[in-house]
Amino acid sequence: DAGVTQSPTHLIKTRGQHVTLRCSPISGHKSVSWYQQVLGQGPQFIFQYYEKEERGRGNFPDRFSARQFPNYSSELNVNALLLGDSALYLCASSPGGGIIYEQYFGPGTRLTVT
Amino acid sequence: DQQVKQNSPSLSVQEGRISILNCDYTNSMFDYFLWYKKYPAEGPTFLISISSIKDKNEDGRFTVFLNKSAKHLSLHIVPSQPGDSAVYFCAASPYAGNMLTFGGGTRLMVKP
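Protein sequence lines correspond, in order, to chains R and X.
So for the first sequence, my numbering puts the first residue at 8; every next one is plus one.
So for the second sequence, my numbering puts the first residue at 6; every next one is plus one.
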């Protein structure tokens, strides 16, 4: 069975640009969460979507937005990129919306902002 | 303010010996704790979890201990194997929550 897939694998953008990252959850999973992992730190929660509704938002500016589609795939959008947005962006899917459901992580998208 | 801390950035142990990874938390609302393992170029994978109603949970070579009064948990790996070499993250959440708060990770190196 296919795991969580993310695209693209790597991305280089310039300050001020916009970026869209994509995530396809495991088949049958209805929840998608996004995390940002800066080098040398642990992942930090950005958003959770469950059944196409935002269920949680971490401490990130409004430049970060996301959505979930009817097929449960998800996009993370970041506007007006800053150098500090350079990080590994991880997507995790789970069958349900609560934390008691095991979250399965994708390999991540490495974003470099120059 | 780091609510979950892993104070040891790295740990090196000999194959066959015990690996002990530690994690401290400050948020009293956390009552569900997890450990994840991460290899390079892969996403974190779930290892083991424990809820606050327990003080120990075991799964094969992996055991997690929770000391609620000290707000401390630890992961024991016995015996350690070279394939265990990875970065280990502890994470926490309120049981009814929907987001994980991660520590900074500990890089474990198991030498043959």
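Hints listed in this document are in silico derivations from the structure and should not be mistaken for laboratory results.
Nothing here was measured: the structure is a model prediction, and the numbers come from that model.
Careful, some of the hints might be misleading.
Claimed, not checked - Which chain X residues stay away from chain R? Per the calculated CB distances, all over 12 Å, these: (1) Pro14; (2) Leu16; (3) Gln19; (4) Glu20; (5) Gly21; (6) Glu47; (7) Phe51; (8) Glu63; (9) Phe70; (10) Pro117.
Claimed, not checked - Partial chain R-side listing against chain X, Cβ under 10 Å, derived: (11) Pro15; (12) Thr16; (13) Tyr111.
Positions of the beta carbon are idealized from the N, C-alpha and C atoms, including for glycine.
Results for each hint:
1. A beta-carbon of chain R comes within 12 Å of the beta-carbon of Pro14 (chain X); the shortest separation is about 8 Å.
2. At the 12 Å boundary, the C-beta of Leu16 (chain X) stays outside the reach of chain R, the nearest C-beta of that chain being 16 Å off.
3. Residue-level check passed: Gln19 (chain X) sits 26 Å from the nearest beta carbon of chain R, beyond 12 Å.
4. Even its closest Cβ contact with chain R, about 27 Å, leaves Glu20 (chain X) beyond 12 Å, as expected for a residue assigned away from the interface.
5. With a minimum CB-CB distance of about 29 Å to chain R, Gly21 (chain X) clears the 12 Å threshold, and the non-interface call stands.
6. Not every beta carbon of chain R lies more than 12 Å from that of Glu47 (chain X), the smallest distance being close to 5 Å; the non-interface claim is violated.
7. Not every beta carbon of chain R lies more than 12 Å from that of Phe51 (chain X), the smallest distance being close to 5 Å; the non-interface claim is violated.
8. Distance check for Glu63 (chain X) against chain R: the nearest CB is about 18 Å away, which clears 12 Å, and the non-interface claim stands.
9. With a least CB separation of 20 Å from chain R, Phe70 (chain X) remains clear of the 12 Å interface cut-off, as annotated.
10. Under the 12 Å C-beta cut-off, the non-interface status given to Pro117 (chain X) relative to chain R holds; the minimum distance is some 27 Å.
11. For Pro15 (chain R), the interface hint is violated, the least distance from its beta-carbon to any beta-carbon of chain X being 14 Å, above 10 Å.
12. For Thr16 (chain R), the shortest C-beta to C-beta distance to chain X is roughly 9 Å, which falls under 10 Å, so the interface hint holds.
13. Hint status for Tyr111 (chain R) relative to chain X: holds, with the closest Cβ pair at about 8 Å, below 10 Å.
In terms of the numbered hints stated before, the structure departs from hints 1, 6, 7, 11, listed from lowest to highest.
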